[in-house]
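Protein chains in written order, with the working numbering: chain L, 1 to 478; chain W, 1001 to 1265.
Please keep in mind that the hints were generated in silico from the structure rather than gathered at the bench.
Using N, Cα and C, we set each Cβ at its ideal position, and we do this for glycine too.
Among these hints, one or two may not hold up.
Below are the DSSO-like pairs computed for lysine-lysine, each with C-alpha atoms no more than 30 Å apart in a straight line [said to hold, decoys possible]: (1) L/Lys467 with W/Lys1033; (2) L/Lys275 with L/Lys467; (3) L/Lys451 with W/Lys1135; (4) W/Lys1173 with W/Lys1018; (5) L/Lys71 with L/Lys140; (6) W/Lys1033 with W/Lys1234; (7) W/Lys1018 with L/Lys422; (8) W/Lys1173 with W/Lys1033; (9) L/Lys74 with L/Lys275.
Restraint ranges, calculated between C-beta atoms of paired labels, are given here [stated by the list, open to error]: (10) W/Val1143 with L/Asn381: 37 to 47 Å; (11) L/Glu425 with W/Leu1116: 17 to 27 Å; (12) W/Asn1142 with L/Asp426: 25 to 35 Å; (13) W/Asn1005 with L/Asp426: 37 to 47 Å; (14) W/Tyr1212 with L/Lys275: 53 to 63 Å; (15) W/Ser1117 with L/Phe471: 22 to 32 Å; (16) W/Asp1187 with L/Val70: 28 to 38 Å; (17) L/Asp426 with W/Asp1217: 24 to 34 Å.
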Amino acid sequence: MSALLQNLVNQPYKHGFVTEIESDIAPKGLNEEIIRMISAKKNEPDWLLSFRLRAYEKWLSMTEPQWQNVKYPKIDFQDISYYSAPKPKKKLASMDEVDPELLRTFEKLGVPLHERAALAGVAVDVIFDSVSVATTFKEKLAEVGIIFCSISEAVQNYPELVQKYLGSVVPVGDNFYAALNSAVFTDGSFCYIPEGVKCPMDLSTYFRINTEGSGQFERTLIIAENGASVSYLEGCTAPRFDTNQLHAAVVELVALDNAEIKYSTVQNWYAGDEKGIGGIYNFVTKRGLAKGINSRISWTQVETGSAITWKYPSCILRGENSVGEFYSVAVTNNYQQADTGTKMIHIGKNTRSTIVSKGISAGHSNSSYRGLVRIAPTAENARNYSQCDSMLIGDQCGANTFPYIQVHNNTAVVEHEASTSKIGEDQLFYFAQRGIGAEEAVSMIINGFCKEVFQQLPMEFAVEATKLLSFKLEGSVG
Amino acid sequence: MIDQNSKTLLEVRDLHAKVSDVEILKGVNLTVKCGEIHAIMGLNGSGKSTFAKVLAGHPGYQVTAGSVSFDNQDLLSLEPEVRSRNGIFLAFQYPIEIPGVANSQFLRLAYNTNQLSRGKEELDPLEFDDFVREKMQLLEMNVDFLDRSVNEGFSGGEKKRNEILQMALLEPKLAILDETDSGLDIDALRIVASGVNKLTNKDNAIILVTHYQRLLDYIVPDYVHIMESGRIIKTSGKDLAKELEVHGYDWIKADQLAKSTESSI
Ligand SMILES: Nc1ncnc2c1ncn2[C@@H]1O[C@H](COP(=O)(O)OP(=O)(O)O)[C@@H](O)[C@H]1O
Ligand SMILES: [Mg+2]
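Modelling step: build the complete structure from the supplied sequences, incorporating the hints.
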């Protein structure tokens, strides 16, 4: 059966191509001068330059984290170029002015930009090689006072908002990769939902890494004021390269009183080939601060790509009655490695959190769930429910669960459930005996396994995720 | 019902099969014609389930010798899903649980896959819901089973009914029911048996695997075969099961022994 299952999970990467757009690339290496250059190129105010330099200072004193359950050769941080941007030709007034090469890229990716935006009612803020090329639906959002733009634009146009919140959830020295990001981030998204406004559409960003050897350091900041709510979608693909690419993004979310932020990710970066050569190193810091009373932060992720994933979207539940949620599907195949999970930090009274993690391992891959639930002494009546399920396809792969539970208030109720299952020969035979082939059977079992997570995704995303998973796990049945 | 003129559906000749290098089937011969009901009886471990799974094409079992033709085709060269679509149905002795997959979804996919392969119309979820509810009534099954995961948390009897429900949906040419009676109380047995009886006609056939006479009071076989150590050692009419009930398997063995001694004289 192994042969059958092994074949099932091997599929070439669909999005493997490079777009030829002239890039403006900084020389390799990192020093104060490079940081000053980035800041100057982006015409940044002094406070941001000093933010970067503070981060760089911290970074120099830090070492790479070693505790995660993944293996990879040491990264030479002086061998990375920290800035790359398409040469800005002129300011774009409309979609028609977007580089046709870029539009073709999106078409190849199956994301015809305006069509997608129009059809799905989704505003797409396109990050292309670290610089925003186009922003759509801006006016419509502006009508209700929502700001949705690249973070560079926000720095220019809303500096006081950016200054107030940037680094307020993930401090510059939070961890090695967050410090690096804070020092050199080139672009990302900024989103501000004013008081009482429910964002009328899902906001969406398609990330894409495009220059070989250039790191990607996106920075995203989302703020929901009192009573505001927003659903934000992040989807990623990357072209096929042989050299590993480092990706160290930082995402910060701030939800004030009665505000709600739902952040959904479908991640499908290049995972390396079937021998484990190449692929993205995805070392990401994502954290949400549920600052106000009754606020809610919800992370949903479907992680299918990257050679290595190191990522713990977390919630700091500071407001009374605030809610944190983490729904995750992580698929690894071939030699992919994932160490992913969440942190739920309960500080406020009556705070609640839910963790649902589904890990699927195939091939020689390894997938670990790592989750922290901390109930602070102040968190009266806090509740957490965690469920971590692993599914193995074949017998060469591995799955681990590392739950850390720290309870400092005895009124807390913390529940943890875990399971490991295997798609077995007898299950596939049962399907076959009813006329259903192995590919369809695996896809049905996997989608059933991930149902609770997919249900959390916005509709179109759920459809995409379902297809993506089948695609990742199906192939030549033999 | 036996009709000498009806066509042969299944022809098993000298079938040998092994699992993890142990030979389990050691030369099975069996001929099944359309319209017939065959019972295969035998002690635990005699190879009945193995025979059923080999016919259905379980990849864990290796056929080492012999041939099987089904509906004039070489059955052994076909993938298990193709055998199913061609009309072989196995009601499992121990139906496996498939967590997370809704029974309704599974049943519909199975149904539509078979419809498609027969060039017939597929049903959308709403149409299928009506259709399957009707079939469930036949088996006096609670419709709640549609929303649950396939076989998950079903009692032994519920699993067996779910198997017969699938038989009703797929309308196979040859249904192999492996110990469908075990785990059923007498009421359930009566319901399931009457369901099976309604599904039989002159164009299909049934192989009932059982080691109790009980089921055969409700589904009356045309032939009864006794399996022992991977072979069919005796074949007779329906009364054989009754004699077996009275005298036990040792009687067959003694009978066989007597015969072989006779023939050697
Ligand atoms: N997977 C297996 N590995 C080893 N032996 C097996 C396996 N499956 C069945 N057997 C053996 O084959 C014999 C026949 O089993 P089975 O066909 O289940 O008998 P029955 O259905 O008549 O009770 C038994 O001795 C059983 O232990
Ligand atoms: Mg058996």
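Results of checking the hints against the structure:
Under the criterion of a C-alpha separation no larger than 30 Å, the hint pairing L/Lys467 with W/Lys1033 is inconsistent with the structure, at around 45 Å. As the CA atoms of L/Lys275 and L/Lys467 are separated by approximately 24 Å, the hinted pair is consistent with the 30 Å bound. Among the hinted pairs, L/Lys451 with W/Lys1135 is consistent with the structure: their alpha-carbon atoms are about 28 Å apart, no more than 30 Å. At roughly 26 Å between alpha-carbon atoms, W/Lys1173 and W/Lys1018 fall within 30 Å of each other, so this suggested pair holds.
The hinted pair formed by L/Lys71 and L/Lys140 fails the criterion: a straight-line CA distance of about 46 Å is larger than 30 Å. Between W/Lys1033 and W/Lys1234 the CA atoms are separated by roughly 18 Å; this keeps the pair inside 30 Å, and the hint holds. The hinted pair formed by W/Lys1018 and L/Lys422 meets the criterion: a straight-line CA distance of about 25 Å does not exceed 30 Å. Restraint check for W/Lys1173 and W/Lys1033: satisfied, since their Cα atoms lie roughly 11 Å apart, inside the 30 Å limit.
At most 30 Å may separate the alpha-carbon atoms for a hinted pair to count; L/Lys74 and L/Lys275 meet this at roughly 19 Å. As the Cβ distance of W/Val1143 to L/Asn381 is approximately 40 Å, the hint placing it in 37 to 47 Å holds. In this structure the supplied range 17 to 27 Å holds for L/Glu425 paired with W/Leu1116, their Cβ-Cβ distance being about 25 Å. In this structure the hint that W/Asn1142 and L/Asp426 lie 25 to 35 Å apart at CB holds, the actual value being about 26 Å.
A hinted range of 37 to 47 Å for the beta carbons of W/Asn1005 and L/Asp426 is consistent with their spacing of about 40 Å. The hinted range of 53 to 63 Å is satisfied by W/Tyr1212 and L/Lys275, whose Cβ atoms lie roughly 56 Å apart. One distance hint, 22 to 32 Å for the beta-carbon pair W/Ser1117 and L/Phe471, holds here, with the actual separation near 24 Å. Between W/Asp1187 and L/Val70 the C-beta distance comes to about 57 Å, which lies outside the given range of 28 to 38 Å.
For L/Asp426 and W/Asp1217, the Cβ-Cβ distance of about 32 Å falls inside the hinted range of 24 to 34 Å, so the restraint holds.
Going through the hint list in order, the structure does not satisfy hints 1, 5, 16.
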